Amino acid sequence: TQLLEQSPQFLSIQEGENLTVYCNSSSVFSSLQWYRQEPGEGPVLLVTVVTGGEVKKLKRLTFQFGDARKDSSLHITAAQPGDTGLYLCAALFSGGSNYKLTFGKGTLLTVNP
Amino acid sequence: DTAVSQTPKYLVTQMGNDKSIKCEQNLGHDTMYWYKQDSKKFLKIMFSYNNKELIINETVPNRFSPKSPDKAHLNLHINSLELGDSAVYFCASSPQGRQPQHFGDGTRLSIL
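The listed protein sequences derive, respectively, from chains A and B. For the first sequence, this note's numbering begins at 3 and goes up steadily by one. For the second sequence, this note's numbering begins at 152 and goes up steadily by one.
Same shape as in the complex, but just chain A:
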């Protein structure tokens, strides 16, 4: 079984602070996706990273993919209350099925005004 470790599990910060969420495995990813889920809704894709060392930016969110493709991070700059939600990383593993997305256990982020 290929496991995806995500940390921290909970994060409560003040508006304006920065934060980083981590996702890693002992196995190589063929690709890594980040989703955000709000209460009562399904996860919504934020970004997909595929190439080792890749960095993608989405406004105040920066996503990095490790050179060895075994880890990824999500960094939020100057967090706002609207960023509150459950952040999920999800991986397709190298050599694994293209139809089996493995999710991390999620990071529940609360940004206080």
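Honestly, the hints are just simulated from the structure, not real lab data. Check before you lean on any hint, since a few could be wrong.
[Unchecked claim] List of simulated lysine-lysine pairs, DSS-like, C-alpha gap at most 30 Å:
#1 Lys102(A) <-> Lys203(B)
#2 Lys203(B) <-> Lys173(B)
#3 Lys222(B) <-> Lys102(A)
#4 Lys58(A) <-> Lys195(B)
#5 Lys59(A) <-> Lys195(B)
#6 Lys72(A) <-> Lys61(A)
#7 Lys192(B) <-> Lys222(B)
#8 Lys102(A) <-> Lys192(B)
#9 Lys218(B) <-> Lys187(B)
#10 Lys222(B) <-> Lys187(B)
#11 Lys192(B) <-> Lys72(A)
#12 Lys160(B) <-> Lys58(A)
#13 Lys102(A) <-> Lys173(B)
#14 Lys170(B) <-> Lys160(B)
#15 Lys170(B) <-> Lys192(B)
#16 Lys195(B) <-> Lys102(A)
#17 Lys102(A) <-> Lys187(B)
#18 Lys72(A) <-> Lys195(B)
#19 Lys192(B) <-> Lys58(A)
Here the structure is a predicted model, which means the values were calculated and not measured.
Position chain B relative to chain A; hints supplied.
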């Protein structure tokens, strides 16, 4: 113009009953999925279908029987419901495997 729609949104029933959840996508995708999200928000794949064919069955009890009458629909029937089946069930779709998925808003199943 909802992309992935699931019905019902809420399902409250007694142990031992049989129930079905329906899912439809209007995105023209070839691949559809069922996931289970537990009370700790852990999202786990149950089934993957591609062009109506079962690709992944992630050791789900055979009380759960998915059916895909066509590419746009993937329904989930559950027999003899147990307390441990209480969860939120999400349907999703993607153009093909490997590609990012679009999720429905979930069906909240509560077993009394």
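Here is how each hint holds up against the structure:
Distance restraint check for Lys102(A) and Lys203(B): the Cα-Cα separation of roughly 16 Å lies within the 30 Å cut-off, and the hinted pair is therefore satisfied. A distance of roughly 15 Å separates the Cα atoms of Lys203(B) and Lys173(B); the hinted pair therefore holds under the 30 Å criterion. For the proposed pair Lys222(B) and Lys102(A), the alpha carbon gap of about 18 Å is at most 30 Å, so the pair holds. Distance check on the hinted pair: Lys58(A) and Lys195(B) sit about 26 Å apart at the alpha-carbon level, within 30 Å; holds.
Distance hint between Lys59(A) and Lys195(B) is fulfilled; the C-alpha atoms sit about 27 Å from each other, no more than 30 Å. About 25 Å separates the Cα atoms of Lys72(A) and Lys61(A), which keeps this hinted pair within 30 Å; it holds. Of the pairs offered as hints, the one joining Lys192(B) and Lys222(B) holds, with about 28 Å between alpha carbons and a cut-off of 30 Å not exceeded. Under the criterion of a C-alpha separation no larger than 30 Å, the hint pairing Lys102(A) with Lys192(B) is consistent with the structure, at around 18 Å.
Among the hinted pairs, Lys218(B) with Lys187(B) is consistent with the structure: their alpha-carbon atoms are about 16 Å apart, no more than 30 Å. A C-alpha spacing of about 21 Å is found between Lys222(B) and Lys187(B), which places the hinted pair at or below 30 Å, so the restraint holds. At roughly 23 Å between alpha-carbon atoms, Lys192(B) and Lys72(A) fall within 30 Å of each other, so this suggested pair holds. Between Lys160(B) and Lys58(A) the CA atoms are separated by roughly 35 Å; this puts the pair beyond 30 Å, and the hint is violated.
Between Lys102(A) and Lys173(B), the direct Cα distance comes to roughly 21 Å. Compliance with the 30 Å bound is thereby established for this hinted pair. Under the criterion of a C-alpha separation no larger than 30 Å, the hint pairing Lys170(B) with Lys160(B) is consistent with the structure, at around 13 Å. For the suggested pair Lys170(B) and Lys192(B), the alpha carbons sit about 23 Å apart, so the restraint of at most 30 Å is met. Between the alpha carbons of Lys195(B) and Lys102(A) the distance comes to roughly 10 Å, so the proposed pair stays at or under 30 Å and holds.
Note on Lys102(A) and Lys187(B): the hinted pairing holds, with a Cα-Cα distance of about 13 Å set against a maximum of 30 Å. Using a Cα cut-off of 30 Å, the hinted pair Lys72(A) and Lys195(B) holds, with the two alpha carbons roughly 20 Å apart. Our distance criterion of 30 Å between C-alpha atoms is met by Lys192(B) and Lys58(A), whose separation comes to about 26 Å.
The structure fails to meet hint 12 from the earlier list, while all remaining hints are met.
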